[in-house]
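S.K.: Listed below, chain by chain, are the residues.
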Amino acid sequence: MQFMGYKRSEGRAGIRNHVLILPTCACGSESSRIVASQVRGAVNIVFNTGCSDVAANTAMSQKILTGFACNPNVYGVVIIGLGCETVPHKVLREKIEAMTKKPVVSFGIQEEGGTLKTIEKATRAARIMAAEAGMQQKEPCDISELLLGIECGGSDATSGIASNPAVGNLSDRLVDLGASTIMSESIEWIGGEHVLARRAATPEIHNQIIKVCEDYEKHLLAAGQDCRAGQPTPGNKDGGLSTIDEKSLGCIFKGGTRPIVEVLEQAERPTKQGAIVMDTAGYDISSVTSMVAAGCNAVIFTTGRGTPTGNAIAPVLKVTANEHTYQWMEDNMDVDLSAIIRGEMTIPESGEMLLGEMEKILNGKLTKAEAYGFSDIAVDHVCRFV
Amino acid sequence: MEIKAIMLDAKDNVATLTEPARQGDTVRCIGGTGETLVSGAEIPIWHKIALKPLEKGSSVIKYGESIGELTENVKKGDWVSHLNLKSVPRDYASEYVSVQ
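As given, the protein sequences belong to chains A and B, one line each in that order. Per numbering that gives the first Met the number 0: the first sequence = residues 0 to 385. Per numbering that gives the first Met the number 0: the second sequence = residues 0 to 99.
If we strip away everything but chain A, and leave its shape as in the complex, we get (with noise of 0.2 Å):
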């Protein structure tokens, strides 16, 4: 199976060819935003961190810019940063720089005199950065360039019943075509970490399995926090789902069956080809920031409340089970499973269905989130600002 996309000159090919416009700390966040409103082609984040953090934080937000400077579906990045955060632009250009050989500019406020002046230097930086992108052809990819992100959010008791067994199954079918998926949240693996475990491929990541979530359990409670308090949600709660256990046994359905090659960290990149799994947030928003972050060119999302959520550098196709919540968000929706649960679809089926989609997702058609250049983020942390 193959897809049209773009070669990078290192590691995957990106499905899209974003000129990224990336603050290196909360200060650059609005000029960042207002240089892409104005450039076609360009797109940002807000970063609320970046400054005034402890180490452990610090590292993180690192990780999450260069992982986003680096996914593949960004031909260039602009830089926007303030002039005294704790990793300045010039550094950060550096880090980057080191790691790819895509084009890298960046410019500090401070430095510029404001914030009109860097708008200015940054939105021409940019404009000839997109111009450039422009020429760029799109190629054949084989799809073992494919890393896909798999998530859930906004669960209710169809997404264990119907739409997470349904990416389990299109996981399955990726894999098996050479490519690479990553299933992350794994507080939402407690309760059913034993049953995860037995897909792991070495005794090794069986443990590292077990021990991701029994560390996340520790981690909570020396901050005086059950994870059982959280976990579910109200909206879990009133969609069927009663008990932490009940929503992982789930969530885990979405990773499929293959074997588990690999565990990963955080915005973490996979040296494995095949079926991975990432220690992250069970908070959506923060464990999708993590998997674009280690190089995922596509996000499939699975929910039965519904939920707008997409990424700036890679679209986000959202599925529903639950007929209710397609009809209602339809404009939030992208594929509708509720047939599953009315017997009339099986799940290989819907794998089947759902890989179709995939593929004209990553020959361009663009999911609702994308199409609304919806940009959420959230940076996963340890402990308080200082």
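In case anyone wonders, no lab produced these hints; they're calculated from the structure. All C-beta atoms, glycine included, are put in the ideal place defined by N, C-alpha and C. A couple of the hints might just be wrong.
[Said to hold, decoys possible] Subject to a maximum C-alpha distance of 30 Å in a straight line, what follows is the list of computed DSS-like cross-link-like pairs (lysine-lysine):
no.: 1; chain 1: A; residue 1: K137; chain 2: B; residue 2: K85
no.: 2; chain 1: A; residue 1: K210; chain 2: B; residue 2: K85
no.: 3; chain 1: A; residue 1: K236; chain 2: B; residue 2: K85
no.: 4; chain 1: A; residue 1: K236; chain 2: B; residue 2: K55
no.: 5; chain 1: B; residue 1: K85; chain 2: A; residue 2: K217
no.: 6; chain 1: B; residue 1: K10; chain 2: A; residue 2: K210
no.: 7; chain 1: A; residue 1: K120; chain 2: A; residue 2: K89
[Unchecked claim] If you want the footprint, here are the derived chain B segments under chain A, 3+ residues with CB under 8 Å:
no.: 8; segment: 1-15
no.: 9; segment: 42-54
no.: 10; segment: 76-88
Position chain B relative to chain A; hints supplied.
M.R.: Relative to chain A, chain B alone:
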């Protein structure tokens, strides 16, 4: 009125309703053992119905796995939800396997 419910595994002691049920409705399970029972309560769509009498402290089984323990006795046909079911801590130590 006949209501449908999805039973995911033959070991399950609850099924998930695909329509809201009123007390006295007949509930027919799709999948699992395929049994039929009478709803003992008003149960919202996508919520669980008990397929047999279950004692306080016993495990509720869905997907063939325990999803928690009951905090009260439940009769056949009753509504099982976050109001009478709680998660119990994991025994992680027992889940690790030996690495050669």
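S.K.: For the pair we were handed, K10(B) and K210(A), check the Cα-Cα distance against 30 Å.
M.R.: Satisfied, since the Cα-Cα distance of roughly 28 Å is no more than 30 Å.
S.K.: Between K120(A) and K89(A), is the straight-line Cα distance small enough, at 30 Å or below?
M.R.: holds, 16 Å
S.K.: Tell me if the straight-line CA distance from K85(B) to K217(A) falls inside 30 Å.
M.R.: holds, 19 Å
S.K.: Between K236(A) and K85(B), does the CA-CA distance stay at or below 30 Å?
M.R.: Holds, at roughly 12 Å.
S.K.: For a C-alpha distance cap of 30 Å, please report whether K210(A) and K85(B) respect it.
M.R.: This hinted pair holds, its Cα atoms lying about 23 Å apart.
S.K.: Quick check: the segment 1-15 of chain B, covered by chain A? Criterion 3+ residues, Cβ under 8 Å.
M.R.: With 3 residues close enough to chain A, the hint holds.
S.K.: Regarding the pair K137(A) and K85(B), is the alpha-carbon distance no greater than 30 Å?
M.R.: Distance of about 53 Å is beyond 30 Å: violated.
S.K.: How does the segment 42-54 of chain B fare against chain A when you require at least three residues with a CB closer than 8 Å, holds or violated?
M.R.: Since 5 is at least three, the answer is holds.
S.K.: Is K236(A) within 30 Å of K55(B), Cα to Cα?
M.R.: holds, 20 Å
S.K.: Are there three or more residues in the segment 76-88 of chain B whose C-beta lies closer than 8 Å to some C-beta of chain A?
M.R.: Coverage by chain A holds here, the residue count being 6 at a Cβ distance below 8 Å.
Going through the hint list in order, the structure does not satisfy hint 1, though it satisfies all others.
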